[in-house]
Every structure is written in C-alpha cells, then in structure tokens.
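Enquirer: Here's the letter readout for the chains.
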Amino acid sequence: MSSHRKLSYSLAINEALHQMMDEDPSVFLIGQGVKSPWYVGDTAQGLLERFGTDRVIDTPVSENAMTGAAVGAALAGMRPVVVHPRVDFMFYAFDPIINEAANWYYMNGGKLQAPVVFWGIINRGGEQAAQHSQSLHAMFAQVPGLKVVMPATPYDAKGLMIAAIREPNPVVFIDDRWLYKLEEPVPEEIYEVEIGRGNVVRAGTDITVVASSFMVQESIKASEMLVKEGINIEVVDLRTVKPLDENLILASVQKTGRLVVVDGGWRTCGLAAEVSALVSEKAFGALKAPVVRITLPDCPAPASATLEKAYYLTSADIIRAVKSLI
Amino acid sequence: MLRIRLCEEAFVEPILAGEVRCPCHLYSGEEAVAVGVCAALTDRDYVFGNHRSHGHYLAKGGSMQEMVAEIFCRETGCSRGRGGSMHLIAPEVGMLGAAPIVAGTISLALGAALASTIRKDGRVAVTFFGDGATGEGVLYECMNFAALKKLPIIFVCENNYYATHMPIRECRVGMEIHEIARPFGIESRQIDGNDVLAVYDAGLLAVEKCRAGNGPVFLECLTYRHRGHVGPDDNVQGSHTDIRPREEIDLWWEKDPIKRFEGYLTDQRIMTQEELNMAREEVNREVTDAHDFARRSPLPRAEELERYVFA
Ligand SMILES: Cc1ncc(C[n+]2csc(CCOP(=O)(O)OP(=O)(O)O)c2C)c(N)n1
Ligand SMILES: [Mg+2]
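Here the protein sequences line up with chains F and Y, keeping their order.
Sequential numbering from 0 applies to the first sequence in numbering that gives the first Met the number 0.
Sequential numbering from 0 applies to the second sequence in numbering that gives the first Met the number 0.
By construction, these hints were calculated from the structure, which means they are not laboratory data.
Check before you lean on any hint, since a few could be wrong.
Claimed, not checked - From the derived model, a few chain Y residues whose C-beta atoms are all more than 12 Å from chain F:
no., residue
1, 100
2, 134
3, 306
To be verified - Covered by chain F, according to a simulated footprint, are these stretches of chain Y (three or more residues, beta-carbon under 8 Å):
no., segment
4, 208-216
5, 229-242
6, 246-255
What the hints assert, rightly or not - To list a few chain Y residues with every Cβ distance to chain F over 10 Å, as calculated:
no., residue
7, 103
8, 135
9, 143
10, 147
11, 284
12, 288
All values reported here derive from a predicted model rather than from experimental measurement.
We put the CB at the ideal spot given by N, CA and C, even for glycine.
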C-alpha cells in the first residue's frame with residue numbers, strides 16, 4: 000500500500016517538486032545547485048533530466064537578481080520556486096523578498112498576487128561558522144506579507160512544499176539539512192499540508208513544548224526520555240511559523256498550564272518570544288508557571304566544535320527546561 | 000608560494016582523518032596571484048579575502064602558526080577558533096579579514112580605500128574575489144563608486160574558471176572578465192595568474208597608480224585550483240563530484256606556478272636545485288611546527304562561547 004512507502008525528508012521535497020512541475024507547467028525551479036548532484040542534497044534529483052533547462056535553472060551566484068526574477072515571473076503568471084542552498088545567502092535577496100514580493104499585493108491594492116516560493120535551506124554545524132549556519136525564519140516571520148513554513152517531518156516536507164507552490168501568495172519554505180536523512184511513510188499521491196496549521200505530534204498532559212523544524216525531532220526525543228520518568232509532555236509542531244496556529248497552541252497550554260518554547264533561532268525578538276507573548280496575552284490565566292524559552296543564545300555561530308556543542312540545542316536542553324517547570 | 004602550497008597540502012591528511020573539520024577551500028595552484036599582488040604591498044596596505052583565503056593571509060604576512068591553529072579551530076588561532084578556515088585575519092599586517100559570502104567583502108575593501116582617501120594616508124586596499132563573484136551586483140556598484148571617487152583599490156579577480164560546480168561558460172557569456180571594468184572607466188588588465196613575476200609587475204603598477212590618486216585598477220588573474228571546490232576532493236569528472244575533465248587538471252599542472260618559478264630561478268642561475276630543495280625542507284619544517292603548535296593548542300572553552308559578543 001502506498002501509505003507504507005518510506006521516503007527521506009529530502010526525497011519527499013524532491014517528490015513534491017516532481018509532482019508539482021508535472022501537474023502545472025507554470026511551476027519552475029531556479030537557484031544555485033539545482034543541476035548539481037550534491038549542492039542541494041538530493042532534493043533536486045532527476046528534475047533537470049525530466050523537465051529540462053527551461054524549467055530547472057541553475058544560476059550564476061546572483062541571489063538578488065535571481066530572486067527578483069522569480070518574483071517577476073510570479074507576477075507575470077508563473078509559479079517559481081527559487082532555492083537558496085543556505086539561508087545565509089538570502090540576505091542578498093531580502094530586497095526582492097521583503098520590499099517587493101511581500102508588499103506587492105497590498106501596496107497595489109490587491110491587483111496582483113505573487114505566487115512564489117522562497118526556499119531556503121538551513122545548513123549548519125561542521126565548524127562552518129557565523130556566515131554558514133544561520134536560521135532566519137524569525138526575520139521572515141516578522142514581515143507582513145510572507146507566510147513562513149518549516150516542516151519537521153518528511154510527510155510535512157512534501158505536503159507543505161505542495162501547499163506552498165499552490166499558494167497564491169509568497170511563501171518562505173525553510174528546511175534543514177539535519178533532517179534530510181529522516182525517513183517515514185510518505186504517501187505517493189499529491190496532498191497538501193495546510194499552511195497555518197500546527198500539529199500535536201506527542202500528546203501529553205504535564206507540559207506543552209512548542210517547537211518547529213529540527214527542534215521538533217529533539218523535542219520528541221526529549222518526550223521519550225521524560226516519559227520514562229513519568230513526565231508526559233505535549234509536543235506541538237508549529238509546521239507554519241507565520242501565520243501561527245494560535246488555537247492549537249492555546250488549547251494545549253489551557254490543558255497543561257505550562258509552556259516551554261524551543262527554537263533553533265536567536266533569542267531576542269525570535270519565534271520563541273512571539274509564542275511566549277501570544278500565550279501571555281491569550282492564556283495568562285491558564286499558566287501555572289512562567290513560560291520558558293530555550294533558543295540559541297544571542298551569539299553568532301562559532302566554528303570550533305567545542306563551541307558548537309555549547310551553542311546548538313539538543314534534547315538535553317529541552318529535558319532540563321521541562322524539569323525546571325515541574 | 001612554496002609556503003602556501005606546502006601548508007595547503009599539509010591539510011589534506013588531517014581533513015581526511017577528520018581532525019580538521021571546518022570546510023577548507025584550498026588555494027593550491029593559485030599561489031602566484033596572492034604572492035604577486037601582496038609582494039607589491041606594504042604592511043600598511045589593506046587586504047580583504049573570501050572563502051579561499053589561506054594564500055591571501057599568508058602572502059600578506061599573517062602568521063602560519065595562527066592560521067593553522069585557526070583551521071584546527073583552536074583558541075590560539077587568528078580568530079580564536081571562532082571562525083575557522085574561512086575567517087582569517089591579521090590586522091597587524093593589513094589583512095582585515097576574509098569571509099565566505101561571495102562578493103561580501105568587496106564593498107569592505109571599497110570602504111578601506113575610502114578611509115585611506117579621507118585620511119590621505121596613501122594606503123591601498125585590495126579585494127580578492129573569484130570569477131563567481133562577478134555574478135553579484137555589488138561588484139559593479141563598487142567599481143562604479145571606486146571609479147567615481149578615484150579610490151585606491153585594486154580589484155583582483157582570481158579567474159579559476161569555476162564557481163563551485165559551475166564552469167564559467169555556464170555563468171557568463173563574455174569570458175573576458177577584465178572587460179567588465181572598462182565601462183566604468185577603470186584601468187583593467189588580464190594577467191597570466193600562474194606567472195608570479197607577471198602578477199607582481201602588474202601589482203606594482205596598480206599600487207603606484209593607486210598611491211598617485213589614479214585608482215582604481217582591475218586585475219583579472221587567470222589561474223586554476225589544482226583541487227576541487229572544497230577539501231581535498233579533485234572534482235574530477237566521473238567521481239561523485241563529477242565536474243572537471245582530467246585532461247584539464249593535468250594541463251594546469253603543467254602550468255603550475257611553483258614549477259614555473261622554480262624553473263625560472265634555476266634557468267637564471269638565481270638558485271640551484273639544491274638550494275630549492277633546502278628551501279622546501281625549511282618550509283616543511285615550518286609547516287610541521289605550525290601543525291604541532293595547533294595540535295598542542297587548547298580548544299576554545301565552552302564557557303567562553305559568548306566571549307566576543309557585545310550585543
Ligand atoms: C552569497 C553566496 N552565495 C553562494 C555561496 C556559495 N558559494 C561558495 S563559494 C562559491 C563560488 C565561488 O566561486 P568563485 O568566486 O569563482 O571562487 P572560487 O571558489 O572559484 O575560488 C559559491 C557559489 C556563498 N558562499 N555566498
Ligand atoms: Mg572561481
């Protein structure tokens with residue numbers, strides 16, 4: 000049965016691209032490394048052979064222009080996916096993403112939508128240091144006019160990529176190289192994971208842990224350890240970080256009364272701060288303890304492995320935070 | 000050049016052994032560019048590098064020990080183990096830093112040249128970047144402003160015909176990169192980047208022009224990296240990275256800048272083969288010492304993760 004077919008996270012993205020390009024001739028893929036067997040993992044495999052150089056476009060190192068071109072093509076009726084093999088390279092593309100794409104619909108009185116997917120890959124660790132390690136989802140999430148999705152599982156990676164491509168407005172799709180090898184059953188057929196919908200991936204009663212992307216996997220690990228000690232955490236996978244699935248988060252906190260927010264981004268003005276503010280505003284009465292945020296410190300990514308180990312979050316940090324609330 | 004080459008090649012083993020983990024973009028094959036240009040500069044002049052800057056750093060006079068220690072990500076490294084291979088810095092000799100965002104440091108060199116002009120202190124700034132960086136718009140913005148203000152900056156494009164997996168013909172129609180500077184009114188030359196004396200001569204002229212207030216200058220140096228884009232992998236066609244024809248790699252070994260310069264030195268009877276061998280041994284000792292120093296050096300301590308954070 001198709002639902003038992005397993006696929007890795009990266010190949011789930013690959014399948015979404017194959018199916019969307021097959022279904023809709025206005026979909027095309029542009030960005031650095033799409034013809035390379037290694038640059039974007041195996042996410043682009045087979046696309047060039049199948050759809051040709053008109054629709055699978057490897058590019059010079061020109062993020063600003065290539066991203067702007069994707070936006071322009073979207074305004075002209077296409078459905079581009081522009082890939083950045085590292086989110087760090089997207090800073091050059093902030094202008095077309097933020098000034099142009101995010102604003103176009105509003106500032107032109109709803110005349111024209113930009114159905115473009117800005118796909119950025121988080122690629123960190125391995126002593127790559129400050130410019131090759133960043134996670135910028137909170138910056139994108141702050142911008143009105145951008146939807147931001149961050150799948151944590153192969154199933155969601157495929158479903159969110161399909162939803163992002165079909166969405167009439169700009170979507171920032173952020174995936175993570177640390178998830179690429181993760182496998183699970185992924186349906187072969189085309190399906191969407193609705194943008195704006197989170198998911199309770201572990202039900203629990205004691206503490207709500209809200210996470211996204213790779214941190215969901217670490218939270219699940221933490222839940223498995225904690226359950227042995229009789230602590231049942233509820234893990235909420237945001238899946239979409241803009242717009243937040245407020246009801247899902249609030250319902251969970253109403254149930255547990257305690258909240259740990261985990262985010263692989265920086266602390267100040269970050270995603271964890273946003274979730275925490277939301278709960279303080281709308282579920283204050285349910286809280287039995289202050290919200291705990293665990294995030295990267297406000298510190299650039301270091302090179303040395305000893306510092307990386309101290310810098311990045313793992314399930315151990317989540318376990319510690321949870322226990323601090325018990 | 001030999002210092003750079005032997006130092007670079009000495010990373011191969013530690014990389015393969017997993018002892019060096021940060022991504023190393025080796026400079027082997029391109030030494031004549033850094034050495035030729037930097038020999039025309041003084042310690043007071045400024046250099047900015049990119050992701051492939053081991054050679055720029057050493058040629059500008061950075062300490063080999065501190066560089067090797069940085070690549071081993073030790074506390075004694077030039078960036079205190081916070082930066083790794085792609086962040087080499089030695090402000091005391093004018094190496095103001097290197098960083099891997101393609102074309103990201105070109106405007107910084109522009110600013111260093113601007114500082115020199117405001118202070119009228121005669122310093123020259125050099126920006127080293129690859130053929131790949133000609134895809135980024137900021138390069139053209141910098142050329143325009145530098146020309147407009149006659150800034151003392153030398154744009155050194157190391158054209159090694161590849162940007163990661165992309166051969167240059169898939170990145171641009173006109174392959175004569177030196178021509179991109181002319182529309183801005185910038186004097187521009189194409190040089191055999193594997194001929195260290197030719198690069199040095201061009202560097203001297205460029206520095207002279209800049210110091211006289213007649214900058215900027217653009218130098219396209221044709222060269223080739225013996226190794227692949229990153230690490231020791233050669234990116235040979237047929238291997239998993241599958242990029243460069245074997246014959247092309249072999250051809251460029253024939254044009255190896257060190258082999259050529261050694262040939263020149265012996266032909267001109269400036270050095271004997273024996274003296275060259277001795278020099279090689281001496282450099283090997285220096286490299287071994289630097290590796291010993293790095294291995295002996297402490298790793299940064301986890302408690303000091305946020306040591307250089309100020310906001
Ligand atoms: C803004 C940005 N985009 C993409 C990359 C990925 N990248 C690293 S090096 C490189 C190619 C550089 O080619 P070139 O400038 O010719 O230098 P070379 O490696 O050949 O020395 C690319 C695309 C990057 N580091 N920064
Ligand atoms: Mg190049």
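Enquirer: Once the closest CB in chain F is found, is it more than 12 Å from residue 306/Y?
Expert: Non-interface label on residue 306/Y violated, nearest chain F Cβ at 9 Å vs cutoff 12 Å.
Enquirer: Can the segment 246-255 of chain Y be counted as covered by chain F under the rule of three residues or more with Cβ-Cβ separation shorter than 8 Å?
Expert: violated (count 0)
Enquirer: With 10 Å as the threshold, tell me whether residue 103/Y passes as away from chain F on beta-carbon distances.
Expert: 8 Å, violated
Enquirer: Far enough from chain F: is every CB of that chain over 10 Å from the CB of residue 288/Y?
Expert: 22 Å, holds
Enquirer: Okay, the segment 208-216 of chain Y and chain F, do three or more residues pass the C-beta test at under 8 Å?
Expert: The restraint on the segment 208-216 of chain Y is violated, since only 0 of its residues have a Cβ under 8 Å from chain F and three are required.
Enquirer: Beyond 10 Å from every Cβ of chain F: is that where the Cβ of residue 135/Y lies?
Expert: The claim breaks: residue 135/Y does not keep its Cβ more than 10 Å from every Cβ of chain F (closest is about 6 Å).
Enquirer: Beyond 10 Å from chain F, beta-carbon-wise, is residue 147/Y?
Expert: 21 Å, holds
Enquirer: Test the statement that residue 100/Y is away from the interface with chain F: the closest C-beta pair must be farther apart than 12 Å.
Expert: Nearest chain F Cβ is 5 Å from residue 100/Y, so the label is violated.
Enquirer: Would you say residue 284/Y is clear of chain F, with no C-beta pair closer than or equal to 10 Å?
Expert: 27 Å, holds
Enquirer: Three residues minimum, CB to CB under 8 Å: does the segment 229-242 of chain Y make the cut for coverage by chain F? Let me know.
Expert: holds (count 3)
Enquirer: Does the claim that residue 134/Y lies off the interface hold, with its Cβ farther than 12 Å from every Cβ of chain F?
Expert: 3 Å, violated
Enquirer: Find the nearest Cβ of chain F to the Cβ of residue 143/Y and say whether that gap is larger than 10 Å.
Expert: 16 Å, holds
This entry does not satisfy hints 1, 2, 3, 4, 6, 7, 8, going by the numbered hints stated previously.
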